[in-house]
Amino acid sequence: MTEARLSVQFAGALVTLQDAGRTGHLRYGVPASGPMDKLAFAAAHAALGNSPDQSAIEISLGGLILECTTGAVTVAVAGGDFAIEHAGVKGSGWTILTLQQGERLSVRVGKSGSWAYLAFAGDLQANEWLGHTATHSISGFGGGAVVSEQELLINNAEVRKEREGNIETPGFLIAQKKLSQTEKIDSIRVVMGPQDKWFRSEAIDAFKNSSYQLTDSYDRMGVRLQGPDLPLDAALSIPSEPLLRGSVQVSGENVPTILLADHGTTGGYPKIATVISPDINTLVQLRSRQAIKFVPITAAEAVDVTRDFSTKLKEYIAKIAIPRGNLQQRLMQENLISGIYNPE
Amino acid sequence: MEPQFTAVADCGLLVTFSDTINDSTHKTIISFDKAIAKAMATDNDQQLGIIEVVPALINAMVVFDPLVTDHLQLEKVLRTVLKNTRQQNTQTTKRVVQVCYHESFGFDMQAVVDTTGLSREAVINAHVAGDYKVLMYGFAPGYAYMGGVDSSIQVPRKLAAVRDIPAGCVMIAGAQCLITTLKMPTGWSIIGRSPTQVLFNDPQRPFLFDVGDQVTFEQIDLQTYEQATKTKVSTADD
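First to last, the protein sequences are chains V and C.
Quick note, in this note's numbering, the first sequence goes up one by one and the last residue is 344.
Quick note, in this note's numbering, the second sequence goes up one by one and the last residue is 1238.
FYI, nobody ran anything at the bench for these hints, they're computed from the structure.
These numbers come from a predicted model, not from an experiment.
Don't take every hint at face value.
[What the hints assert, rightly or not] Using C-beta positions, here's what the derived DEER-type ranges look like: (1) THR1020(C) <-> GLU85(V): 39 to 49 Å; (2) ALA1037(C) <-> ASP233(V): 34 to 44 Å; (3) LYS197(V) <-> GLY1148(C): 43 to 53 Å; (4) GLY165(V) <-> GLY1187(C): 48 to 58 Å; (5) GLN1047(C) <-> GLY171(V): 30 to 40 Å; (6) GLY91(V) <-> PRO1166(C): 41 to 51 Å; (7) GLY62(V) <-> GLN1047(C): 38 to 48 Å.
C-beta: ideal position from N, C-alpha, C; glycine also.
Isolated chain C, as found in the complex:
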């Protein structure tokens, strides 16, 4: 499908590449996002008027300054950017995230076992074996939606959200997986806890992942988890 440009109020342009989520579309979105970042980096006089880009599943939102440009002018610029961007197999960053599947953390592990008919070990193995990719951020700061959950452990969302799910929970719903960064309600199934720091107080890099990053999980035991969280606390005190 040809990219579609849709106006969003006075300051946004939504560029849609597909009606459905698929790998090729997402690759195009990542390449498009990178190409815009490059154009912005050389736009010293701020003539493009682009403020930021939000890459997502089937489209990207381009936020602009309406005092500098408008929807039509920006569409022309973005069409040129698109023409010069072919989907590249750009280098993807690989991230490793540690997960402890201990029963004190996997609040919903039993439910996943019951739904899938797999053993606890099989669920963990299927989760660790997956190749994950960060598709977009949403819902709350740092909530990176990763695609790639193995079909054998895909479970639907709960009927109602559960409140006060702590930060660091590793949870799944359908084909997606994410690691919570805040205490928030969720309807996803929590299967483990990660000591890996994904939230930074750095404007240049607020969170561990960029959209498009590849993620693999590494299983750790409770002792390693406790060790890792202890180390994290002591570095935070420095």
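With the rest of the complex left out, here is chain V:
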């Protein structure tokens, strides 16, 4: 059995081990956790030839620096637009490369994006909780936080030369809308409710027509927004109700917070709207002070959007999962494509 060992030279806050998530325990107060951006997580594994439920490292804006101390392993970095430095060579994310013994890899905050995924060609060893390595950040249950000086062990580590190179980005799957020449605002689709009836009509109007900024209060539990107040109809004391990832919960201060991967499973504050699943991937890659505009759609439209997204996602995943071939094969392909290949 070939193994690779990586020593963590630096890990920022909120860098954690994650698998696809522990779905099915909401009734026990346990959210699925797993990747903030499911799309980028899936892309990293697919492009590397991994199965979609393998463990990977979720890298925050804090960044991560690793050194390969034993063996060699091919890795994928996907998500956002992070800056990479591999063995002294600078590059950018959405790439597959091989870490040789003694080489360093740094994944750092780049031009945009909040979360990147580092997947390994092999089995990243991590603690499981309830059958999953996904880290529930508040408790630390699961694989846990990745911290400086930690050693990561990859069993069955492989070098997959045929997969090295860039990963096609899924830009077409990300909802974005230019509202003006200067301002790029991401439109985030929501279904209103389930507790929108508790808000005054001016709150509903403000929610639908204004833009909201993400604030620095942003972690795996949720992101607090800044924008027009969303006053409730009356001072409320409603019973706690179950909620889902993407819930836009409005606190007693009339301020909305979007609940994310490590959300509480029930909440006593009313939820004015809920972000549809595909758009959560877009939302989480934004940074504080970036603006969003909520676009309400009907529940039926939301299901249609998700089905369409799922079809496109499957096509994309199937496409990037095909190995690019060894260097010779790739040169040949590229020559064929550029039309300058001349058979002898």
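Following the hints, put chain C in place on chain V, whose structure we already have.
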């Protein structure tokens, strides 16, 4: 009130049975939850598309796979399930939880004594005498909200949460009681500590309680508490 079906984004349906918390509503929710579990168990082809159900105080969230079903189709299925579910007096599981009310654990016991005007013994007796029922989980993994705190010891939440409350604390707020499973902040009043294990690393049974379980507390002294926690540690090492 007729059950209300409310869409939650692309993958949830919230079924609400009442505007207020009451015993009859909760019984209906438990029966509904059990009936769905039964339907899911026989849904071998996964045609229902139901992923999970979250029973709570006045409603239940049904989470579904939007690639298999949608809100309207699921609503039809759930209406049929409801029609065939009458509130049954299904057997409830009884759980016994040990509590040590020693002063080194009951951080807020004095405050509860001051608020209620009862003696320390009277507070403990009222707490032990209660019939508790697990109403829902929330806030954090394994935080089982139990209803049934005697009116004589109902105290409001603190104005501000206190940080780093350890696991195993037995605490009360209003009519509710819960046992902490993690180190978390809380605004509830801590009156004791339990050695009873409520958190398991088992996907089939992550926590001791199911929603609907009946819980009784058994008072233990410090020595028994220490004995119990010692035993727990040694079994964990095996």
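Now for the hints, and whether the structure bears them out:
| no. | hint | result |
| --- | --- | --- |
| 1 | THR1020(C) <-> GLU85(V): 39 to 49 Å | violated, 59 Å |
| 2 | ALA1037(C) <-> ASP233(V): 34 to 44 Å | holds, 36 Å |
| 3 | LYS197(V) <-> GLY1148(C): 43 to 53 Å | violated, 30 Å |
| 4 | GLY165(V) <-> GLY1187(C): 48 to 58 Å | holds, 53 Å |
| 5 | GLN1047(C) <-> GLY171(V): 30 to 40 Å | holds, 35 Å |
| 6 | GLY91(V) <-> PRO1166(C): 41 to 51 Å | holds, 46 Å |
| 7 | GLY62(V) <-> GLN1047(C): 38 to 48 Å | holds, 44 Å |
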